[in-house]
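Chains Z and W are the protein sequences, given in the same order. For the first sequence, position 448 matches number 448 in our numbering, and the numbering has no gaps at all. Add 699 to a position in the second sequence, counting from 1, and you land on the number used in our numbering.
Quick caveat, the hints were computed from the structure, so don't treat them as lab data. Check before you lean on any hint, since a few could be wrong.
[As the list claims (entries may be wrong)] Once the Cα atoms are required to be at most 25 Å apart in a straight line, the calculated PhoX-like pairs of lysine-lysine come out as:
| # | chain 1 | residue 1 | chain 2 | residue 2 |
| --- | --- | --- | --- | --- |
| 1 | Z | K315 | Z | K43 |
| 2 | Z | K43 | Z | K191 |
| 3 | W | K890 | W | K718 |
| 4 | W | K783 | Z | K383 |
| 5 | W | K884 | W | K783 |
| 6 | W | K890 | W | K902 |
| 7 | Z | K191 | Z | K315 |
| 8 | Z | K194 | W | K783 |
| 9 | Z | K43 | W | K718 |
Here the structure is a predicted model, which means the values were calculated and not measured.
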Amino acid sequence: MSGITGIHDDEAVTHALVRDVTLPGEAGTMALITLDNGFDHTKPNTFGPRGLTELDEALDAICERSDLAAVGVTGKPFIFAVGADLTGAARVRTRAQAEEIGRLGHEVFRRLGELEVPSFAFVNGAAMGGGLEIALHCTYRTISSGVPAVALPECFLGLVPGWGGTQLLPRLIGPANALKLIIENPLSQNKMIKGTEAFKLGVADAVFEPADFLEESLSWASRVLTGEAAVPRPPFTEDAGSWEAAVAGARALVDMKLHGASPAPYRALELVELARTAPRDQGFEAETQALADLLTGDELRAGLYSFDLVQRRAKRPAGAPDRALARTITKVGVVGAGLMASQLALLFARRLQVPVVLTDLDQARLDKGVAYVHAEIARLLAKGRIGADTANRLTGLVTGSLTKDAFADAELVIEAVFEDLKVKRQVLSEVEAVVRPECVLATNTSSLSVTAMAAELRHPERVVGLHFFNPVAVLPLLEVVRGERTDDASLATAFAVGKALRKSGVLVKDAPAFVVNRLLTRFMGEVIGAVDEGTPIETADHALDGLGLPMTPFTLLQLVGPAVGLHVAETLHEAFPGRYKVSASLANLVKAGKPGVYAPDFTIDPEAREIFESQTIGTAGPDAEQVRQRALGALAEEVRLMLDEGVVAAAEDIDLCMILGAGWPFHTGGITPYLDRTGVSEKVTGRRFLAPGVASVPD
Amino acid sequence: MPPSRDVVFVDGVRTPFGKAGPKGLYAETRADDLIVRVIRELMRRNPHLPPERVDEVAIAATTQIGDQGLTIGRSAAVLAGLPKSVPGYAIDRMCAGAMTAVTTVAGGIAFGAYDVAIAGGVEHMGRHPMGEGVDPNPRFLSENLVDGSALVMGMTAENLHDRYPGITKRRADAYAVASQEKVAKAYADGKIQPDLVPMATRKAAEGWGLATEDEPPRPGTTPEGLAALKTPFRPHGNVTAGNSAGINDGATGSLIAAADTAAELGLTPKMRLVSYAFAGVDPEVMGVGPIPSTERALRLAGLSIGDIGLFEINEAFAVQVLAFLSHFGIDDEDPRVNPYGGAIAFGHPLASSGVRLMTQLARQFGERPEVRYGVTTMCVGMGMGGTVVWENPAWEGAK
């Protein structure tokens, strides 16, 4: 115990409060344990060494009694328990400490399944990780249909459910269903299921509505104890075939997503396989060993670092001005009626619920833009995502105007016109002629200078960049660009708007292509450059699979469109000609009107291959390892330059941008933890980005 | 009366009653959660009743603020998960709140406005002490509209001893002891438990618990013990904590239906409504209220006191019950009166008590086919009484 209490000095101890409950129907007395850390639902119950010890002591007292018919466990209002205390996990230094955490959890939790009387978990609220595992140790479970989140998110972070989850769950609900919770959901943007779904999967034996969940659960428990209620469960099968099939299916999914990049899901697969035949002690010890390996590995640390970025830093953007300075937005103008403008109009109308006016010089384009938004609203209605009243309201909010007069009473106007500085300057000056002096003017430029765009305005201090990522409705990142003269009130308004749009704003300096596009383009430039030198497209495109990125570079190029990719590359080439090259083949690909190098069946389009091969400069390009080295080296160099230029406040913001805007994985920590732990940062820039211990195991 | 349509009491249920105050069962439990639990249990116990067939939810509370405010009948219906199409409202006649909820929806049913209604009451006197937020008009006193003692219920009980000098403290205490004994016996015989719905009780420092029985009863109460208690309302007076109901938390609910609808839906009536009446008396002796209300209800029913086989009279104070009995010439220990004991032991969460009387009368009807008629009656603050006369559907004479 002594070895790990020290790393949890600030543990929010989840207490185990025990009260006797007289069960209805003369079923006897239940010792009911309430898990409660004394805070409200915004600080959920978690388990650290002290909380586990309190639970252990409560079970000691319970075990000394002979008058009990059963033991129950439930949570505080809205929360059952959400797992291990992660702040402590990040401070583990030695393998011995890691093993102690694993063993302590097993030793305490397993008692619930090994009492002389049956135990019941009444899952009244969110149950995740160790919180779900404690329930799995109980003999029976009920769950509230109001529970919003049931999950084993360990693999998402880089851990395994190591307090019994991998051993108990597959034996309870079968390997296929268990792997859904252990592998599939965590690797699908950490999907959580609701109480009713958990019941359907067999995680709980009974489901009750939240209004009188505990009373009805206790009544059910009484009926189970008196034999009045049966508890049907699917029979357990040790049939090797079905286990192998389930594990193989999950393994294929993990391979597809990670290409071996993060060890945790693979360890979870092994543990689930083991659960088929392993006795309890052996299975639990295997979990402990897996936990110890992962807790002393850098992938998990990067995962915890990423989680913290997304949970905390994303909510308190570094360098953002005082929120109180933000102005209220009651109307928004959108210049342009193209696809981006229409997507923005829909987003603004949905999230801000204020009138949104689109303008375009061309009536047909305008009509098309407004019609697009109205059709999207109708689609939301048809899918049941919004009600008829809301659809009517939103439809009424989005209108079109041929002139910019309609912006006169708007507090925010965003332009989404053609990426050309002259055009954008012209548009902003026309808008300025109509709007009030404090109206914030935003540009959705992906690479042009916000400062240059504002230069000729009467009030350049109100111009900000709001760089959204495509698809606008999906990607959570918003790069908020501060021009040289942007004032705090306008910037604060931009952040407030971003928050209302449910985006995570990151403050970036007015530098070419900001963060995500600058890094992705540099990275892509190395991969395309290799092909230009003669490396086969397939080799170059898969050279970085080991990072476990959401898609290969050429797939990404296809997604954004070669024309956009080319445009950003050209802009960056202009800014940094030494580091950013414009591939002639890429230009030819755009000229040929190709959607990318891949044909619809994901084979290489022979014509695209021909375009690249006809331009090949060298005879033999770099091999896969060389491509990888180059691309990572280029990233390290570029990140260092961006930090030196002050594009963002810290390396953490670069990582946050890559996680939220490019979907780069938790186990790479965005990018800088990966570059640090592979030694690339030091090799290329002479130093690390993050101190040891920030996103890696402390020295 | 007579009603145009027969009205029946289908079912009634309540939470266990708790002692008000920081140590009580429900110290950290919301009032609306109590009544929601009761409504859900009523629906659960009557699966033949489609929820959308409930036409009204009338819930009484004396102090209609906070968790007893927000039009408690409607908000409790929504919280209980009844269809949004089911309306609801709040009722207040202080102690007779739930009784008034029942008579009011019964009137609506008789008129044909409803087929089925839920009627009940809730009072969390710990969260809402008696008199919370009241602002009596100064004219009450300046114009001698009521006596200064009228708003303090204990003083009105002392006043009643003055009006009935034959009712001594010794008689009141003896009645109270008997009430405690009857409740203890009824519990031992399992007469009370079936009408209770267990209620989850959470206290931040202790965790979750479950209330399964009434907290207020004090089995083993002796006349000697009661004799030693203080008389807080008058020096050397008669009214003590021992011969009065306590300060309590709890909720009750009932299912009231048109007899024809009950038959249609397969709901079995436990009582048939015969008549009801409310009456006003001098507020400073509010305890006599049940006398004129009962006389009026009997007159409306065409019955006399001799026709009544069972009395469920609320025991706000022993003296008030004894005044009623003495008026009608009924013995203090008459077995027809409160056979399971009364509020002196069970407790009296003001606006909820009326339905407790009905639920207990209904259970006695079921066991006593020789009884045809019973009354539920109670006194009410500001000088009122309420009485409902019920007929036993299980009466053997009907067969």
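Hint check:
1. For a cut-off of 25 Å, the pair hint linking Z:K315 to Z:K43 stands: about 16 Å separates their Cα positions.
2. Under the criterion of a C-alpha separation no larger than 25 Å, the hint pairing Z:K43 with Z:K191 is consistent with the structure, at around 20 Å.
3. Our distance criterion of 25 Å between C-alpha atoms is met by W:K890 and W:K718, whose separation comes to about 21 Å.
4. For a cut-off of 25 Å, the pair hint linking W:K783 to Z:K383 stands: about 23 Å separates their Cα positions.
5. Distance restraint check for W:K884 and W:K783: the Cα-Cα separation of roughly 43 Å exceeds the 25 Å cut-off, and the hinted pair is therefore not satisfied.
6. Distance hint between W:K890 and W:K902 is unfulfilled; the C-alpha atoms sit about 29 Å from each other, more than 25 Å.
7. Taking the CA atoms of Z:K191 and Z:K315, the gap is near 20 Å; set against the 25 Å cutoff, the hint holds.
8. For the hint pairing Z:K194 with W:K783, the CA-to-CA distance comes to about 24 Å; that is within 25 Å, so the pair holds.
9. A C-alpha spacing of about 32 Å is found between Z:K43 and W:K718, which places the hinted pair above 25 Å, so the restraint is violated.
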